[in-house]
Each structure stands twice: as structure tokens, then as C-alpha cells.
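A.B. asks: The lines below spell out each chain.
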Amino acid sequence: MASPSTDTKIENPALAEPRNEGDQNATTKTPKPISSPSVFVNSEPIRPEQVENAVKFLSHPKVRGSPVMYRRSFLEKKGLTKEEIDEAFKRVPDPSPTVQGATVNQDPQPKLVANAQLQAPAQAQQTSAAPTRGVISRVISQPRFHWTHAIYAVGILAVSGAGSAVLFKNALIPRLKSWIRKIASEDENGVVRKPGSKPSATEEAAAAAKTAAEAAAQVAKASQEMMDMNIEEKRCFRNLIDMLEVQQREMREMSFTIRKLEDQTNSSSVVRTYSQDYRLSSSKQPYTNGMAEFNSLPGRSSLPPASVNSSIPPYPKSYIEEFNDLSSNAYQHMPNSGVAPRSKPWEAGQPPNSSSTYQLQADSDLGNINGSTSRWQQKNVRIAELENEEESKVGPYYSSQAPEQTARRPWVPPQPPPVAMAEAAEAIRRPKPTVQKEQQLTGDHKLDQPLNELQSVTDISEMGGAPEARPSEIVEELEGNC
Amino acid sequence: MPAFKIPFNGYSVKFSPFYENRLAVATAQNFGILGNGRVHVLSLPPSPGAPIVETAAYDTSDAVYDIAWSESHDSILVAAIADGSVKVYDTNLPPASNPLRSLQEHTREVHAVDYNPSRRDSFLTASWDDSIKLWTVDRPISVRTFKEHAYCVYAAAWNPRHADVFASASGDCTVRVWDVREPGSTMIIPAHDFEVLYTDWNKYDDCILATASVDKSIRVWDIRSFRVPITVLNGHNYAIRKVKFSPHRGSLMVSCSYDMTVCLWDYMVEDALVGRYDHHTEFTVGVDMSVLVEGLLASTGWDELVYVWQHGTDPRAP
Numbered sequence: 001m002a003s004p005s006t007d008t009k010i011e012n013p014a015l016a017e018p019r020n021e022g023d024q025n026a027t028t029k030t031p032k033p034i035s036s037p038s039v040f041v042n043s044e045p046i047r048p049e050q051v052e053n054a055v056k057f058l059s060h061p062k063v064r065g066s067p068v069m070y071r072r073s074f075l076e077k078k079g080l081t082k083e084e085i086d087e088a089f090k091r092v093p094d095p096s097p098t099v100q101g102a103t104v105n106q107d108p109q110p111k112l113v114a115n116a117q118l119q120a121p122a123q124a125q126q127t128s129a130a131p132t133r134g135v136i137s138r139v140i141s142q143p144r145f146h147w148t149h150a151i152y153a154v155g156i157l158a159v160s161g162a163g164s165a166v167l168f169k170n171a172l173i174p175r176l177k178s179w180i181r182k183i184a185s186e187d188e189n190g191v192v193r194k195p196g197s198k199p200s201a202t203e204e205a206a207a208a209a210k211t212a213a214e215a216a217a218q219v220a221k222a223s224q225e226m227m228d229m230n231i232e233e234k235r236c237f238r239n240l241i242d243m244l245e246v247q248q249r250e251m252r253e254m255s256f257t258i259r260k261l262e263d264q265t266n267s268s269s270v271v272r273t274y275s276q277d278y279r280l281s282s283s284k285q286p287y288t289n290g291m292a293e294f295n296s297l298p299g300r301s302s303l304p305p306a307s308v309n310s311s312i313p314p315y316p317k318s319y320i321e322e323f324n325d326l327s328s329n330a331y332q333h334m335p336n337s338g339v340a341p342r343s344k345p346w347e348a349g350q351p352p353n354s355s356s357t358y359q360l361q362a363d364s365d366l367g368n369i370n371g372s373t374s375r376w377q378q379k380n381v382r383i384a385e386l387e388n389e390e391e392s393k394v395g396p397y398y399s400s401q402a403p404e405q406t407a408r409r410p411w412v413p414p415q416p417p418p419v420a421m422a423e424a425a426e427a428i429r430r431p432k433p434t435v436q437k438e439q440q441l442t443g444d445h446k447l448d449q450p451l452n453e454l455q456s457v458t459d460i461s462e463m464g465g466a467p468e469a470r471p472s473e474i475v476e477e478l479e480g481n482c
Numbered sequence: 001m002p003a004f005k006i007p008f009n010g011y012s013v014k015f016s017p018f019y020e021n022r023l024a025v026a027t028a029q030n031f032g033i034l035g036n037g038r039v040h041v042l043s044l045p046p047s048p049g050a051p052i053v054e055t056a057a058y059d060t061s062d063a064v065y066d067i068a069w070s071e072s073h074d075s076i077l078v079a080a081i082a083d084g085s086v087k088v089y090d091t092n093l094p095p096a097s098n099p100l101r102s103l104q105e106h107t108r109e110v111h112a113v114d115y116n117p118s119r120r121d122s123f124l125t126a127s128w129d130d131s132i133k134l135w136t137v138d139r140p141i142s143v144r145t146f147k148e149h150a151y152c153v154y155a156a157a158w159n160p161r162h163a164d165v166f167a168s169a170s171g172d173c174t175v176r177v178w179d180v181r182e183p184g185s186t187m188i189i190p191a192h193d194f195e196v197l198y199t200d201w202n203k204y205d206d207c208i209l210a211t212a213s214v215d216k217s218i219r220v221w222d223i224r225s226f227r228v229p230i231t232v233l234n235g236h237n238y239a240i241r242k243v244k245f246s247p248h249r250g251s252l253m254v255s256c257s258y259d260m261t262v263c264l265w266d267y268m269v270e271d272a273l274v275g276r277y278d279h280h281t282e283f284t285v286g287v288d289m290s291v292l293v294e295g296l297l298a299s300t301g302w303d304e305l306v307y308v309w310q311h312g313t314d315p316r317a318p
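Protein chains in written order, with UniProt numbering: chain L, 1 to 482; chain W, 1 to 318.
It is possible that part of the hints are untrue.
Stated by the list, open to error - Cut-off 30 Å, straight-line C-alpha distance, at most; resulting in silico cross-link-like pairs (DSS-like, lysine-lysine):
no., chain 1, residue 1, chain 2, residue 2
1, L, Lys90, W, Lys5
2, L, Lys90, L, Lys78
3, L, Lys182, L, Lys210
4, L, Lys78, W, Lys216
5, L, Lys62, L, Lys90
6, L, Lys78, W, Lys147
7, L, Lys221, L, Lys260
8, L, Lys62, L, Lys82
9, L, Lys56, L, Lys78
10, W, Lys147, W, Lys5
11, L, Lys90, L, Lys77
12, L, Lys169, L, Lys182
13, W, Lys147, L, Lys56
14, W, Lys216, L, Lys77
15, L, Lys77, L, Lys56
16, L, Lys260, L, Lys234
17, L, Lys77, W, Lys147
18, L, Lys221, L, Lys210
19, L, Lys221, L, Lys177
20, L, Lys82, W, Lys216
21, L, Lys210, L, Lys234
22, L, Lys82, W, Lys147
23, W, Lys147, L, Lys62
Treat the hints as calculated values from the structure; they're not laboratory data.
Computed from a predicted structure; not experimentally measured.
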């Protein structure tokens, strides 16, 4: 092995020089042959945190049991350099602590010696230092001297046991003897034998008995306290359980109320859907229903929302507000049955649903009963179903009204229907609602206006003609009929 | 030129550094698991239409996993055998006196052999016994043994510019850079999270290293800042068996993989994959780029075929 390395070294200077000149990476241009591959050496400093992690890893008991090769390989895979790994291995205590023990021993010794000097003369120093040294050495070299430690422990135990045995013998035997003698003496004599060791013995016995009794009393007290503690704990637990039960009840009540609310909304929406169906089946009545709703709500719209809220679940509020919107901008609302142009309502935002339901109802109420109404009906049903799911999300709809309507714009409305249908719609409009209309016309003008506007709008869309003639026609007809 | 059919499964190809039309192929029976092996020396035809001719073939008792041409003698080959031996062949000698030498020191299969291009007298063998041995052709015993890897060493590659530096790729997921003059490895690069199957140096930048791994990626490293690779090349669908830098263009690499393709990469370019050849029908385990002819590629695989073609042409074109 030596010769080839010398060979290489001989060759190296010759090779190194041209290499150095040509090598832009060489850090030094010393005559040393080892200078050029400095690039191929890890020049990073030792990273302390990596070493710390490695030490922790190596100190783990499971890791301790694994072969050293695996530990090294693991650390290498983690990106530690050789120096860091070696440092970590140094730091982790190996099963050969002699080197470590010696180095550590030397450190505390001067300190202890210094302390001892203050206290005692030289001999004492040495004696104090020696046992401390011995203690330290014992403590430090603990892992190795387990067995001596065990021997010490055994020895101490034996000594203590022997000592206690001796003590017991010394103490008990006289006591027993005195006891026996006392009994015997009591049997024989009375209280004559007071002075001397025996009465003292009896007194001692009595004292012992007293202490025993006291001890027993203390034990009883302690047990009593334990009992009390247990009772208290039980009480606390019971309280806890009661509280939990109360909470449970409250939760149940809340769920009940939620269900009730759901049922209410279900029922109301169901009512609306039924009303729509009814509308289709009988041409007259749906309109009346719709008109009835239509009539009633404008009246309600003037009421403060609070009263509405108190009696009715949240979404009719939006219904009202939507009618307000409708009144303000009727034409825009016409083509509102715009569930179709948007992406699936169950995918995208929920806002469209509830608003669209009401508007749809309004539109259908106004009598755009064409082939498209069936489609609308389906949409209504769908939307109503969705509405049930999203009843709680009415709030944000108000703000999103405008964008919805503008979003609905692109969808081409199903109107205009053919003229024939318009006439039919007219005819449909005639009977009862006309009477109500009269009343409205004569009565509240405020309420009238939205109605008229709506009607005019529908008329426009239906006829495609001048809206102005229409109301007058209707009025004439009404008057004619009457 | 047409493909050359070999009787066994191909394991490695190497162009001769002396003759541009000479090629050595290491093959093994039964995919290299059990059985014999054979070393082929092929001669490429002068005209593209003619077939490849075999000029010599040497049988071995066990699979041949790798082959290397000597840089000092134009007829000497070194073969890495699966029974742990390293055999030296001389094509000038008659078959009876071949192998020239059989060096038995490794205790497990010798997976790779690489000849020192600078020093020209020594070569390395990487073995599954976790060690790398340094040999010179004239000695019957190894010069140095480098035992540090925790798992099989799959490849060893000399640095093209520094005659004493080499890199090794191992199944312990690290790549080590060694200096022959140092007792141990000088750098440990945790290159991949999985086994590293091959490593090669950039022929134009002596600090750039490419590693091929089981994790289907090739990583290009600069050993001056080896914590993070320069680039990671993804594109293979299976483990990559070999990666070789081009001797003609600094950033060009060729790789072969278990996904049966040979891919060309240029890691300086944003879209690194510059070529893909899908001519094999089995694992491609051997690939080489000729030093003497720019753009000449050779590949072999377990489909018992050796292809030699010019980059840009279809390997299967007759």
C-alpha cells in the first residue's frame, strides 16, 4: 500500500502543477500536491444544530441498539458531513467512559479543593477531597460500576437490617419481659411494686399503648378524611353530570326548534309550489292567488320589517324587499326567471335562488302563462327545493340583488308570446282580479302604480305595442263588464 | 446501421477510446440473475448499411455486468463479473490465453468498472459488497479499498480532469466523492431519497456531477454547493440505470432507463429533454457516447440487441 501511494505522490507534483495552472477552481497554488482537489473537499464549517440533532438521534435508546454503520448511514443521508457525524459520535456517551471519566474528574477536583481550604486544615482537605473525589468518581463512573453500587446497597441494607434487629432485640425483649412480669405481678400483687424499673416499664408500656392508640386515631382520622374527599368527589361528579344533562337538553331543544323552522319553511314553500301548480291547472285561480299575494304583500311592504320577522321565518323579508325592487324597476325583473343562464345554482352562489323564486312567482302571477310557464314551474320547484336548503342564507341576497339582475340580463326572456295567447291572458285577467283591481285603482294609488306598471310591462312584452292603450282598455272592459 | 443481436441480455456498452468503430458489450444470461456471461467486441461497419460484425467474444462463468476499455492499451478490456471477480482481456491474444487476469477480491458482485482516463494505468471497481477497489493493470492485487458506503455501490466514475478524484454512487442513497490520496471520502452528497444507480462527471466542468436514481430523476450537482442540485431532470417513467455526459458538448447527457427509452438531456436549456429514443423493447441498461465520433450513441438492453446510431437518426433504421 505504501509504494503505490509514494508513486502517486511522485507523480502528483508533476501533474499538480499543470493542473493547478489550468484549474480555475484551485484555491491555492502551493507546491503541495493536495492543494488542487480542495474543491472536492467539504469546506463547510461544522453546523452546531445539525450536530445537536445528531446527538439527540444517537442518544435515542432504539438507535443505541442499532449497528454503528446504520447510524452513520442515516446521518449521511440526512446531509451531515463527516466532521459533524464524528463530532456527534464523540459527544454521545459511549460504553467506554474511562477517557471521559478521567477528564471530568480533573475538573471538579480543583474546585472542591479550593472550597475545603477555606474550612479545614490540609489533612481535612485531603480527607474531604478524597471522599468527594471518591463520590464523584463513583457518580461519574456509574455506568461501569453498577455492580459495586449494588454491593454497597446490599451492604447498607444488611447493616441496617442487622442494626434494626439488634435494636429490636434490645428494646423488645426487655419490654416483653416487663410486660410479662407486670402481668404476673398484677396477678399476684396489687400496686405495691411501683418504684423501680418495672413501674417504669409499665409506664413505658402504657405510653407505648397510648402512642399506638394515638396512631390508630390518626389513621382513623386520615381514613375519615379520605372518605370525605371521596364523597366530595362524588358530589362534584354528580354536578358535572347534571350540567352535562342540562346542556344536552338545551341542545335537543335547539335541534327541535331548528326542525320546526325547517318544517315551517318547507310548508310555506310547498304551499307556494302548490299554488303555482294550481295556477296552471285552473287558469283563473292561480292568478287570484298570485294577485292575492301580490296585493297582500305591497300592503305589507309598508309595514316595518320587524313585525314581519316576528311572525314569519326570515326569507319573506327578502320577498318583500324584492317586491320593492320590482316596483322600482319592473321591466328588469321580467326576464328574471334566469336560473338557466347561470351556472348550476347548486354549484355556484346560492344568492340567485331565493330571490329568483319570488320573482318568478311574481312573473307567473302576472300571467305570462305560456308554454314557458311549465318550464318556470319546474324551475320554481327546483328553486323552492333549493330554497329549503338555503333558507338561512337570505341576508346577503339583498346586496347581491343588482348583480343578479344584471347577470340575468343576458338570458333571453321567454316573452314575447304570440298574440293569441295574449288575448287568452287578457281573458284570464278579467274575472275576479278585475274587481279587486277596481278597488285598488280607486283606492291606494301607491299600490296601484306598481300594479299598473307591471301590467303595462307585461302588456308591452306581450303585445309589443303601445302600453298606454292597454290599461285604458282594461278599464273600459271592466267598466263595460260592470 | 442495423442492430446487433446478442445471445444474452445486454448489460453495458463501451466505445473504444482508440478506434471509432470498435465497441465492447457486456452481456449476461437470464437477465444477469443466474448463468453465464459473455463479452463481445464488435466492429462497426464503415458504411451505414452494413451490419455490425463481432470480432471477439469471451465467455464467462457468471454474468458480466460492466466492461471498460483500457486507456493505455488499445486491446485491453476489463470486465466486471457477477461472481466478484474482475477479468482482464486482451483482444490481441488468442482466446485460449484469455482472460489475461482474473482478480478475485470482491466478496460480492462487481457491478461497475471505470478506467482512469488521466492516469491511464488504474481502474476502479464498484461492488455490491459496499466497497470500491482501486487497481492497476500490472498488479495482481488491489491498490486501495474504499469501504464506506452502507449499501451496494453501483457505480464509480473518475473525474475527467483530476486524476485522483472519483465519485461513487450507492444504494445507500448517497454519492461520495473520494480522493485516492485521502483515507476516506472527502464529500458525502445525499443525492436522492432512493438508491442512486449511476453517477458521471461533466467532461467540461470538473465540478459538475450527474446522478441517476431509482426515483426516476437525474440530478445535476455542483460539488461546490452540493446541498441543492443545480437541476432535477424528470422525464423517465422508471428508474434510470445510467447517465453519461457527452464528451463533445458540455451540458449534453444521455440516459437509459427501465422505461425502455434512451433520453438525451441538455440541463442548461429550459426544456431539458432534447431527444428520446424508444427503440428498445426491454429495459435499457447500457448506453454510451463515443469520444471519437461526435453524436454517435450506442445502447443495449435486456432485449438482447445492441444499437449504434447517430444522434438525430432513427436507431432502428437499417
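A.B. asks: Each hint needs a verdict: does it hold in this structure or not?
C.D. replies: Status of each hint after checking the structure:
Note on L/Lys90 and W/Lys5: the hinted pairing is violated, with a Cα-Cα distance of about 57 Å set against a maximum of 30 Å. Note on L/Lys90 and L/Lys78: the hinted pairing holds, with a Cα-Cα distance of about 18 Å set against a maximum of 30 Å. For the hint linking L/Lys182 to L/Lys210, the alpha-carbon distance of about 17 Å falls within 30 Å, and the restraint holds. Distance hint between L/Lys78 and W/Lys216 is fulfilled; the C-alpha atoms sit about 20 Å from each other, no more than 30 Å.
Proximity of L/Lys62 to L/Lys90 is assessed by CA-CA distance (about 18 Å); at most 30 Å being required, the pair is judged to hold. Distance restraint check for L/Lys78 and W/Lys147: the Cα-Cα separation of roughly 20 Å lies within the 30 Å cut-off, and the hinted pair is therefore satisfied. Between L/Lys221 and L/Lys260, the direct Cα distance comes to roughly 58 Å. Violation of the 30 Å bound is thereby established for this hinted pair. At most 30 Å may separate the alpha-carbon atoms for a hinted pair to count; L/Lys62 and L/Lys82 meet this at roughly 22 Å.
Under the criterion of a C-alpha separation no larger than 30 Å, the hint pairing L/Lys56 with L/Lys78 is consistent with the structure, at around 14 Å. For the suggested pair W/Lys147 and W/Lys5, the alpha carbons sit about 38 Å apart, so the restraint of at most 30 Å is broken. The suggested pairing of L/Lys90 with L/Lys77 holds, with an alpha-carbon distance near 19 Å, which does not exceed 30 Å. Proximity of L/Lys169 to L/Lys182 is assessed by CA-CA distance (about 19 Å); at most 30 Å being required, the pair is judged to hold.
For the suggested pair W/Lys147 and L/Lys56, the alpha carbons sit about 27 Å apart, so the restraint of at most 30 Å is met. Under the criterion of a C-alpha separation no larger than 30 Å, the hint pairing W/Lys216 with L/Lys77 is consistent with the structure, at around 18 Å. Pair hint L/Lys77 plus L/Lys56 holds up; C-alpha atoms about 16 Å apart against a cutoff of 30 Å. With a C-alpha separation of about 39 Å, the suggested pairing of L/Lys260 with L/Lys234 is violated against the 30 Å cut-off.
Pair hint L/Lys77 plus W/Lys147 holds up; C-alpha atoms about 16 Å apart against a cutoff of 30 Å. With a C-alpha separation of about 16 Å, the suggested pairing of L/Lys221 with L/Lys210 holds against the 30 Å cut-off. At most 30 Å may separate the alpha-carbon atoms for a hinted pair to count; L/Lys221 and L/Lys177 exceed this at roughly 33 Å. Proximity of L/Lys82 to W/Lys216 is assessed by CA-CA distance (about 28 Å); at most 30 Å being required, the pair is judged to hold.
Taken as a hint, the L/Lys210 and L/Lys234 pair is broken in the structure, with Cα atoms around 36 Å apart against an allowance of 30 Å. Distance check on the hinted pair: L/Lys82 and W/Lys147 sit about 14 Å apart at the alpha-carbon level, within 30 Å; holds. At most 30 Å may separate the alpha-carbon atoms for a hinted pair to count; W/Lys147 and L/Lys62 meet this at roughly 26 Å.
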